[in-house]
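**Q** Here is what each chain is made of, one letter per residue.
Protein chains: 6
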Amino acid sequence: MAYQCFTLDIQDKVAHLVLNRPATLNTMHPVLWRELTDILQMLQRDAPARALVISSTGRHFTAGMALDVFGADSGISLNDGNAGGRANIAPQLTDMQQAFNLIEQLRMPVIAAIHGGCIGGGVDMACACDIRLATADAFFCIQEINIGMTADLGTLQRLPKLIPEGVVHELAYTGRRLPAQRALALGLVNEVFDTQELMVEAALQMAREIAEKPPVAIWGSKQAIHYARDHSTHDALQQMGWLQSGIWRTGNLVEAFLAKQQGRAPEFDDLPPLKSFADGSYELK
Amino acid sequence: MAYQCFTLDIQDKVAHLVLNRPATLNTMHPVLWRELTDILQMLQRDAPARALVISSTGRHFTAGMALDVFGADSGISLNDGNAGGRANIAPQLTDMQQAFNLIEQLRMPVIAAIHGGCIGGGVDMACACDIRLATADAFFCIQEINIGMTADLGTLQRLPKLIPEGVVHELAYTGRRLPAQRALALGLVNEVFDTQELMVEAALQMAREIAEKPPVAIWGSKQAIHYARDHSTHDALQQMGWLQSGIWRTGNLVEAFLAKQQGRAPEFDDLPPLKSFADGSYELK
Amino acid sequence: MAYQCFTLDIQDKVAHLVLNRPATLNTMHPVLWRELTDILQMLQRDAPARALVISSTGRHFTAGMALDVFGADSGISLNDGNAGGRANIAPQLTDMQQAFNLIEQLRMPVIAAIHGGCIGGGVDMACACDIRLATADAFFCIQEINIGMTADLGTLQRLPKLIPEGVVHELAYTGRRLPAQRALALGLVNEVFDTQELMVEAALQMAREIAEKPPVAIWGSKQAIHYARDHSTHDALQQMGWLQSGIWRTGNLVEAFLAKQQGRAPEFDDLPPLKSFADGSYELK
Amino acid sequence: MAYQCFTLDIQDKVAHLVLNRPATLNTMHPVLWRELTDILQMLQRDAPARALVISSTGRHFTAGMALDVFGADSGISLNDGNAGGRANIAPQLTDMQQAFNLIEQLRMPVIAAIHGGCIGGGVDMACACDIRLATADAFFCIQEINIGMTADLGTLQRLPKLIPEGVVHELAYTGRRLPAQRALALGLVNEVFDTQELMVEAALQMAREIAEKPPVAIWGSKQAIHYARDHSTHDALQQMGWLQSGIWRTGNLVEAFLAKQQGRAPEFDDLPPLKSFADGSYELK
Amino acid sequence: MAYQCFTLDIQDKVAHLVLNRPATLNTMHPVLWRELTDILQMLQRDAPARALVISSTGRHFTAGMALDVFGADSGISLNDGNAGGRANIAPQLTDMQQAFNLIEQLRMPVIAAIHGGCIGGGVDMACACDIRLATADAFFCIQEINIGMTADLGTLQRLPKLIPEGVVHELAYTGRRLPAQRALALGLVNEVFDTQELMVEAALQMAREIAEKPPVAIWGSKQAIHYARDHSTHDALQQMGWLQSGIWRTGNLVEAFLAKQQGRAPEFDDLPPLKSFADGSYELK
Amino acid sequence: MAYQCFTLDIQDKVAHLVLNRPATLNTMHPVLWRELTDILQMLQRDAPARALVISSTGRHFTAGMALDVFGADSGISLNDGNAGGRANIAPQLTDMQQAFNLIEQLRMPVIAAIHGGCIGGGVDMACACDIRLATADAFFCIQEINIGMTADLGTLQRLPKLIPEGVVHELAYTGRRLPAQRALALGLVNEVFDTQELMVEAALQMAREIAEKPPVAIWGSKQAIHYARDHSTHDALQQMGWLQSGIWRTGNLVEAFLAKQQGRAPEFDDLPPLKSFADGSYELK
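Chains as they are written, first to last, in the numbering used here: chain P, 9 to 293; chain C, 9 to 293; chain B, 9 to 293; chain X, 9 to 293; chain S, 9 to 293; chain R, 9 to 293.
Keep in mind that a hint or two might mislead.
Note: identical chains are not told apart, hence a pair may lie in one copy or across any two.
Result set (SDA-like, lysine to any residue): computed pairs, CA atoms no more than 25 Å apart in a straight line [stated by the list, open to error]:
hint: 1; residue 1: Lys283; residue 2: Leu192
hint: 2; residue 1: Lys268; residue 2: Asp20
hint: 3; residue 1: Lys283; residue 2: Gln113
hint: 4; residue 1: Lys268; residue 2: Arg216
hint: 5; residue 1: Lys283; residue 2: Gln12
hint: 6; residue 1: Lys283; residue 2: Gln106
hint: 7; residue 1: Lys268; residue 2: Glu220
hint: 8; residue 1: Lys21; residue 2: Gln113
hint: 9; residue 1: Lys268; residue 2: Lys283
hint: 10; residue 1: Lys283; residue 2: Thr241
hint: 11; residue 1: Lys21; residue 2: Asn154
hint: 12; residue 1: Lys283; residue 2: Asp46
hint: 13; residue 1: Lys283; residue 2: His239
hint: 14; residue 1: Lys21; residue 2: Gln204
hint: 15; residue 1: Lys21; residue 2: Gly183
hint: 16; residue 1: Lys21; residue 2: Thr32
hint: 17; residue 1: Lys268; residue 2: Glu199
hint: 18; residue 1: Lys21; residue 2: Pro274
hint: 19; residue 1: Lys283; residue 2: Arg42
hint: 20; residue 1: Lys21; residue 2: Gln213
hint: 21; residue 1: Lys21; residue 2: Glu199
hint: 22; residue 1: Lys268; residue 2: Leu75
hint: 23; residue 1: Lys283; residue 2: Glu112
Don't read these hints as lab results, they were simulated from the structure.
Construct the complete structure from the given sequences, taking the supplied hints into account.
**A** Now the structure itself:
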C-alpha cells in the first residue's frame, strides 16, 4: 500500500517506517497523522513484523506539528472564546494523543532513529517509542514554548520519566535544544552515531536481533516495563504474575535450549492476529 | 438511520435507545455490539441530544452475550491451547470493554430503564450507565458464573463501586438474582416502578429535566463524579479546579438568574460537536 | 470571641458551632467563610475540645453560597474572557476548597446536625464532616446545577464515596432534593430525628461520648478512616502501622482497664497544642 | 488434625471452620492466631475445598483480642518508651494483619456466619471475609476505642469500603454497637436469620452452591472484585484482561452447556495445589 | 520591603532572592523560614515576576537547619516522651514541609544557583526547585544522618525522582557529599560553572529567557511536569487535556508568529493576581 | 550456622553474605533460594547487624536461575496445558518474588558488590538491593529473553525506576550486556573498582560507615526512599510525618552532638528484635 507521507518496508519480520516528506521537513500534517494511525493499527492487528524502526529523511527527523493547517476548517478549533469550545479541548487532545499511545501499545518494540531536529510534536512521538538512537548532530527541542503554547501531546508526561526532571524543566521553559551527546549521557538516547546511515543500520540490526526472540516474551516484557513505569513496585510485581500466567510458554524455553544445543537459530511462533468481536461478518439469525 | 437491533429516537434533546430484538431476548450479538458502538460514537461526536435513555423490549432487558456465535470464525478466539492466543485475550477484552466505556465517556448522562432480566453482559452495560431505574419484576444476574466463566466486561470492576462488596461477592459466586427491591435498598437502582411504561416515562421525564440544564455543566459534573470514584479526594479536588477552568461559563449563571427573574425557562447552548484533527478533508500541499 | 455569622460554645470538651444568620438563610457569605476558617484553625491548633458539633438556625441549615456578592470586586473573578483569568480558577478553587478540607483535617470528629435545606455549598460542607444527623424534614440539594453551574467545592468529590454513585448522578444532574429518610437508608445520614432539638441534643450527646475516649486514639481512627477511603487496602494497612507507631499509648489502655475495674470514668490526656516552627517569637542572633 | 481453638470439617468440597473456645468467648489468643494461620495456609496450598464457612460457638462470635496475654513476655511489646520499640510497631502490626489478609488471598470464597457479638478483632476478621451472614441478635462493635486504643488490624481499612463512611466514623469514635438489621440495610451483612442453626445451614448451602461452579472462575471473580475495590476502573479493566488470559478455560464453558443439555450437574476440575520453588526436597549436585 | 535573612530584587520580570546571612552560613533559622514563606506567598499572589532565581552568599549555599534554636520554647517540640507529642510530629512536619511545597506550587519556574555546601535542609529546598545550577566546588550533603536523624522535609521524597535511587541510598545512609560534577552527570544539576558570578549570571539569563515566554504557557508546563512525576502516564495525559482547556490562549500563538514575522520580541500578558474569596473587604448586609 | 550455598560473616555490626558455589557459577538453585530466605529472615528478626554486604565468588556474581532443576517434581510447574496450572503461575511467582522483596524490607541497607556476570535472576536480586558497586569487568544481562522467556522476578519492575526506560527496553528485548562503566554513568552502579578485592573492601567500608549511624534513623531513611519511589510526592511527604512520629528519637540527636563535642564516636542503640504475636510459647488457660 502507498502512503503520501511515509514509506513502509517489512523484511525478515522487521518493519521500517520512514517519514518521507523532506521538502516540508516532515512536519506533522493531518494526512501524516491519519496515515501514521492507519499503519500502527495495521501493524498491531496483523503483526506482520516483530519490531518497528522509525526513521526519517531530509534535514530534520521532523519539524513538529504543521501549524499552517490550523484554521477555521481545522479539526481542532482554536476558538477559545466560549466554554463549549474550551471544554472540547480535553477530549480532542485525548484523541490526538491516542496516535502516539498506539506506539506504546504496539505488541512489538519501536526504535526511533533520529537525525537532525526532533522538534515539537516530534519529541512527543519520540518519547512514546521504546528506544531512541541518534546521530551526533541530532537535537531535541520542545518547540511549543517558542511559539507561545504548552506542549500537550505527551512530551511533558513521558519525558520526566525518561530523563531527570530538572533537565525537563529547562527544556520546557526555555525551548533550548538538547544535543545528542547530552541526551546520551542522560539516557534519553541509547547510542549516538556519526552518520544517519550507520544509525539506521544499527537500528535495523537491533530490530533483527529482537525479531529472533519469541514475540510473546518480547511483548510481555514491553507490557511489564510500561506498567512498572506507571505503578508501584507492589502493583507491578502482582501484574507480572497475571501477565505471565497468560503469556508463559514452556515450548519457547525448550526451543531455545534445543536450538542452542543443535547450534541453530531458534524458531518461535509469530503472534496471532488480533480479532475484534464486532468486526466479523456476522449476520443476525 | 435504521438499525437491526435498536431503535433510536431523538426528541426535545433527549435520545431514546431501545434494544429491539425481543425474539432473541435482546442477546448481545456482534451486530448489536457494532451498532451500539456506532450509535454511541455518533451521539458523542455530534451531541444531538443532552441525555440518553436506554430501555428494552420483550421479556428481558437483555439475556446477555449471544454465546452461540462463538466459534471457529468468531472475533474472539476461544482457543486456549497456546500462549499466543491466550496473550491475545487481554487486548481483545480491552476492545470489547471499550463499547461500555463509551457510555461512561459520553458527554451526556445515560439512564438505563431496566425491566425483566438484566443478565450477564447486561449487568456489565447497566453498571456503565449513570443512573438505573427498574420495574418491580426486574432482576440482575451475573450469569457468567452459571455458564462456567468469570464476568469480564466491567461488572466485577464497576459493581463493587456501586453496591456493598459483600453483595457483589454473593452475586458473582452463586449466580443468584438480585431483585429490584433489594437493588433499590442498596442504591444500585434509583427508583422502582410498577410497570415498564411508568418506568420509561419517568426515565424520559428525568432526561428532559437534565436536558433543560446547561450541557457543559452537566458534562462537567459527569466527569467529576467518575473521576472521584477512581481517585483520591486530594486528586479529585485538584482535578475539579482544572476541569472548572475549562468549563466555567459565567453566561450560564447569568441566564439561569435572568430566566428565573423573568419566569421563563432558561436557554443554554448545546455542546459543540467534537472534531478530530485527522478527520478533516485535508490535502497535502 | 464574637463572630458575625456563628456562635461558638465549648463545654465539657465539646465544641458547638452554630450558623447564626437565619435572616439570610445562613448563606455562605465571604465573612462566614473567613470566620469558619478562623474557628477551625483555632480548634485545630489549640484543641480546646475533643469533638465538634455544627448545627444551624432558622429555616435552612444553609442555602449555600451567597452569590449576590460575586461581582467586579469579588475575590473570585467571574471574568472568563481570557486565559489568564481562567487559569486562575484552579488555584482559587483550591483555596476555597481548603476551608472544608480543614474540617476533614481537624484532630477531632465533626458531627453535622442538619435541619431544613442543606443546599449547594452546604452539601460540600456536610460531606466533609465525619457524621451527619438530620431532622425528618431535612433535605440535600446540589443546587449548583439549578443555577447553571457545576458544584466545585467537594460535593462531587466526596459524595460518591458516601452514597451509591447512581444516586449522586441523579442529584447532580437534576438538582432534585434527597430527603432525610432516603439519606438515612443510603447511609449518608446516621440517624433521623423528629425535631431539631432532639437532633442537636443527640449530636451533643454523641460528641460527649466521643470526648470521654482518649483523643489520641480518636484522632488516629479519624486519620485511618480518611486514609483508607482514598488509598488501596494494601497502602492503608501499611499506613496503619506507621500511624500506630506514633500514636500508640500503653497508658491509655491501662487507664481504661483501671477505670473499669474501679467503676469510674477513665481520664485521658488532651492533645497538646500544635506549634509552628516559624511562628515562635524568635530573634536572630 | 486436631486444633485447640477450632474444629475444621471438610465435606463435599466445603470447609467449615468453627471457633470453639466458647468458655473464653472465643477471644483471640495467640494460640488461636497461630492455628488460624496454619489452617488458612493449608487450605490455600492444598485446596481441599472450594468454599469456606467460618462460624462460632457460645455467646459471641468472638470477644476480640485476648488482651490478658499482653505482658512482659508477649510477642508484641507494649513498651512505648523508646524509639526502637515504637519503630517496631509498624512491622509487627503488618505481621499480625497478615493473618486476616490470608482470608482475602484465599483461592476460595469465605463466608462468615456471625451470631452474638462480633467484637474488636472480630470485626477486623469479619471485614476480611467475602460474605457476612448474621443472626438477628448479632452486632458489630469496634471495641478498641472502648479500651483506649485505635483499631489496627484491618477494620478501619476495610469497613469504609463496605459501608458508608459516616457510619464507620460513628462506630469507630463511640464504640457503639451496629445491630444486624442496620448492618443488613447498609449491606455489610447479606442476610439475617432467626437462629444460628438456620444461618449456618444457609451459609453451608451457599458454600455448596459455590462449590458446584468451576473453582478457577470463582477464584478469578474473587481476585477481580478485590482488585477493583483498590484500583481505578481503568486499571481494574486492564487487570481483568491479564487475569482472564491466565484463567480462561473453554472446557468449563463447554462442560456447563453439555451438563445443562444433559440435565446433570456439571463437573469442574479442582484447583491444583500450590507449590513453592524452595520447598521441594532438592539436593545440590 | 526589607528582610533580615534575604535580599529580594525584581528586575525585568525576573525575581532574584538571595540568602543573605553568610556569617551564620545561611542556616535555616525560624526567621528565615518565616520570611521565605512570606516572600513566596507574595510572589505567588501578585506575580510581579515570571521567573525566580535563588542564590546565596558566603561560604555555603546553606548549612541547613539552625538546630541551636530547638529547645523548650521552640515551635517543634523535641519531647518524644508521650504519645500526644509524638502524634503532633506528623502535622507539624506537614506544616514545615509546606514552605518548600510553595516553591513547587509557585506559578513561575524557580532556579537554584548553588555554590559551596548545600547541606541538610538545603537539599530539601534545592530538590523542590525546578532547575539547579552549581559551581564546580558545590556539593550536596544529606547532613541529617550525620547528626543522628532522618531527613524529613522533602529530600527523601523528591531526590529519588531526580537521581537514580542507588545514589540516593548512599547519600542518605552515609552522609557523604555528592560533588557538583557527579551531580551534573546524574542530571541533578543542569550545568556547572567555574565561579559563582558566572553561575548567577547564567541563572539570571535563563530566567530572562523564560520571562520572554507567555507566563500562562510556562505555568501550564510546570503544572504538567510536576503532575506527570507523581501520576501514571494515563492520568497525566488526561490531566493535560483539562489543564489545556483552561490555559489555552490562541492569542499567544498569534502573537508569537506575528512577532517573528515582524522581527520583534513578542509581548505576552502577565498572569493576573490570585484573589481569595474570603480576603476581600466584604461587609455583611 | 553452616549453609551450603553461602557463607555469612558478621563483624562489627556488618553482615557479609557471600554466594559460595563458584563451581556452578552461583546459579540460583532451590537450596540457595531457601537459604537466602532463611538468612534474610534471621537478619530481619534479630538485627545482629546494621548493614549487609552481598558479594560472590568465582567467575560470575551469579549465572541466574538454575533451570536444570525445573522438571516434573519441581516446585514451579512448567505445565502450561490447563487453566488451573496457568492460574497458579501468579501466586507462585508472588511467592518467588518474595525472596527479593525481603531484601527491600530488611531493616538495614543492603549493598551488592558485583563482579563478572550478573545474569538473569541475578539482576532481579541486584535491583532489590539498596546500593550496587561493581568491578570494571562486571556486566548486567537480562538473560531471560535469551532463553525464550520474560523476566518475572523483579527486574522489569525495579530496573525502570533505577535507569532510563529506553535502556531497560534495549536490555530486555535484546539480551545484550550492560557493562559496568555504562551502568555507572547511568547511576545503576554507584562506583566501579579495578579489582574484586578493592570493591569488597569498599563495600564493607561503606557498611561500617552506615553501622556507625543510628539504626533507627537509617531504617527510617530506607523506608522513606522506597515509599517515595512508589508513591506521589504528596503521599510520600505525608508518610514521612507518620514515619517520623514513630522513629524520632531526640536522644540520638543529643548523642551525636555530645560525641562530636567530646571528639569521640557516637553510640546508638541497636534495633530491638522483631517479635511475632503468634510465635511466643503461649498456652491456653
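**Q** Hint by hint, say whether it matches the structure.
**A** For each hint, the structure was consulted:
no.: 1; hint: Lys283 to Leu192; result: neither (39 Å within a copy, 39 Å between copies)
no.: 2; hint: Lys268 to Asp20; result: within (21 Å within a copy, 48 Å between copies)
no.: 3; hint: Lys283 to Gln113; result: both (16 Å within a copy, 24 Å between copies)
no.: 4; hint: Lys268 to Arg216; result: within (18 Å within a copy, 45 Å between copies)
no.: 5; hint: Lys283 to Gln12; result: between (28 Å within a copy, 23 Å between copies)
no.: 6; hint: Lys283 to Gln106; result: both (20 Å within a copy, 14 Å between copies)
no.: 7; hint: Lys268 to Glu220; result: within (13 Å within a copy, 47 Å between copies)
no.: 8; hint: Lys21 to Gln113; result: within (18 Å within a copy, 37 Å between copies)
no.: 9; hint: Lys268 to Lys283; result: neither (34 Å within a copy, 30 Å between copies)
no.: 10; hint: Lys283 to Thr241; result: between (32 Å within a copy, 24 Å between copies)
no.: 11; hint: Lys21 to Asn154; result: between (40 Å within a copy, 18 Å between copies)
no.: 12; hint: Lys283 to Asp46; result: both (16 Å within a copy, 18 Å between copies)
no.: 13; hint: Lys283 to His239; result: neither (28 Å within a copy, 28 Å between copies)
no.: 14; hint: Lys21 to Gln204; result: within (22 Å within a copy, 43 Å between copies)
no.: 15; hint: Lys21 to Gly183; result: between (38 Å within a copy, 18 Å between copies)
no.: 16; hint: Lys21 to Thr32; result: neither (30 Å within a copy, 37 Å between copies)
no.: 17; hint: Lys268 to Glu199; result: neither (29 Å within a copy, 35 Å between copies)
no.: 18; hint: Lys21 to Pro274; result: within (14 Å within a copy, 45 Å between copies)
no.: 19; hint: Lys283 to Arg42; result: both (22 Å within a copy, 14 Å between copies)
no.: 20; hint: Lys21 to Gln213; result: within (12 Å within a copy, 50 Å between copies)
no.: 21; hint: Lys21 to Glu199; result: within (23 Å within a copy, 40 Å between copies)
no.: 22; hint: Lys268 to Leu75; result: between (53 Å within a copy, 15 Å between copies)
no.: 23; hint: Lys283 to Glu112; result: both (19 Å within a copy, 24 Å between copies)
The structure shown violates the earlier hints numbered 1, 9, 13, 16 and 17.
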